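Peer 1: My request is simple: use the sequences and hints to build the entire structure.
Going down the list, the protein sequences come from chains A and B.
Quick note: the first sequence uses this note's numbering, first residue 13, plus one each step.
Quick note: the second sequence uses this note's numbering, first residue 162, plus one each step.
These aren't lab readings, by the way, just hints derived from the structure by calculation.
Hints may be right or wrong, so weigh each one.
Selected chain B positions facing chain A (in silico; Cβ < 7 Å) [to be verified]: (1) N174; (2) F198; (3) I226; (4) R254; (5) I274; (6) A290; (7) K294.
The structure displayed is predicted, hence computed values, not measured ones.
Here a beta-carbon is modelled for each residue, glycine too, at the ideal position from N, C-alpha and C.
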Amino acid sequence: MSSQELQVQEKREVEKKQESTVPTRAFLPATDIFESADALTIVMEMAGVDKKNLDVNVEDGILTVEGRLDFSKYEGMQPVYTEYNIGHYRRSFSLSSKIDQDRISAQMQDGVLTLLLPKAEEAKPRRISVV
Amino acid sequence: MVGRYDALDALFNFQRALEARLESDWLRGGTTGTGAFPTINVFQQGDSLVAILEVPGVSKGDLDIQAKDNSIRISGKKTVGYPENVSVHRRERLSGRFDRTLTVPMQINADGIKAEYRDGVLALFIPRADSDKPRSISIN
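Peer 2: Written out as structure tokens, the structure is:
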């Protein structure tokens, strides 16, 4: 897998259901989602987002993740050549399983957010024995 | 919260500035393969250049940076792993090797290049060579 040449992933812009009041752009983080028997794991690439600028929210079965860029680092820099744009990251997913919201944990490393969403007890698969 | 509005305005203007530069021929084909991974933005900051690359998910130890004359080579690998016994619902993250060379159209001080890696963003601070800086010439 890792021997193949890495391709550029075009940044996808957030499609807005409502028009936002501010004209800045936001991007969709590339996301992997996998599920085990007792948790859902969501991995999102958000280059340039510090842990403290992250918002994770679950409401009505919708998970919303927002990562804000610390833009002050670019102060005093004049672009001379660019290949990508920068902006905040935002993405929502509707969750199919019941999540135990109090136990959601987040970890951020090298610009990659890993969210562990433990399933609520009633949502875990149960083995039903046949008598 | 006046500061927040200023920041939003600044980000919007900066995004437009980045967009305007997308078609720039400043490097005149000085990178091997536009569109190659990782994407590069180059900024001017005073007398220096700052090259910024987004490489989320690449650990510091998997990044290799070499500088020679006015070329900087950035290579490495990105791995994406999944634990066993899971069902994968969505798979968007890419993995693989990368190797990219950036050649800047000016004399640089290759020994003075500094690299910073944080939150998946690599920043290379490239000082302009003293011999390349303009000198003021006094008239006798």
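Peer 1: All the hints need checking, so say for each whether the structure fits it.
Peer 2: Results of checking the hints against the structure:
For B:N174, the suggested interface contact is broken, since its CB lies about 10 Å from the closest CB of chain A, more than 7 Å. A cut of 7 Å between beta carbons decides the hint on B:F198: the least distance to chain A is about 4 Å, and the hint holds. Because the closest C-beta pair between B:I226 and chain A is about 16 Å apart, greater than 7 Å, the hint is violated. At a threshold of 7 Å, the smallest CB-CB gap from B:R254 to chain A is about 5 Å, leaving the interface hint in force.
For B:I274, the interface hint is violated, the least distance from its beta-carbon to any beta-carbon of chain A being 17 Å, above 7 Å. Hint status for B:A290 relative to chain A: violated, with the closest Cβ pair at about 17 Å, above 7 Å. Because the smallest distance between the Cβ of B:K294 and any Cβ of chain A comes to about 17 Å, over 7 Å, the interface hint for this residue is violated.
Violation of the numbered hints given earlier is confined to hints 1, 3, 5, 6, 7; the remaining hints are satisfied by the structure.
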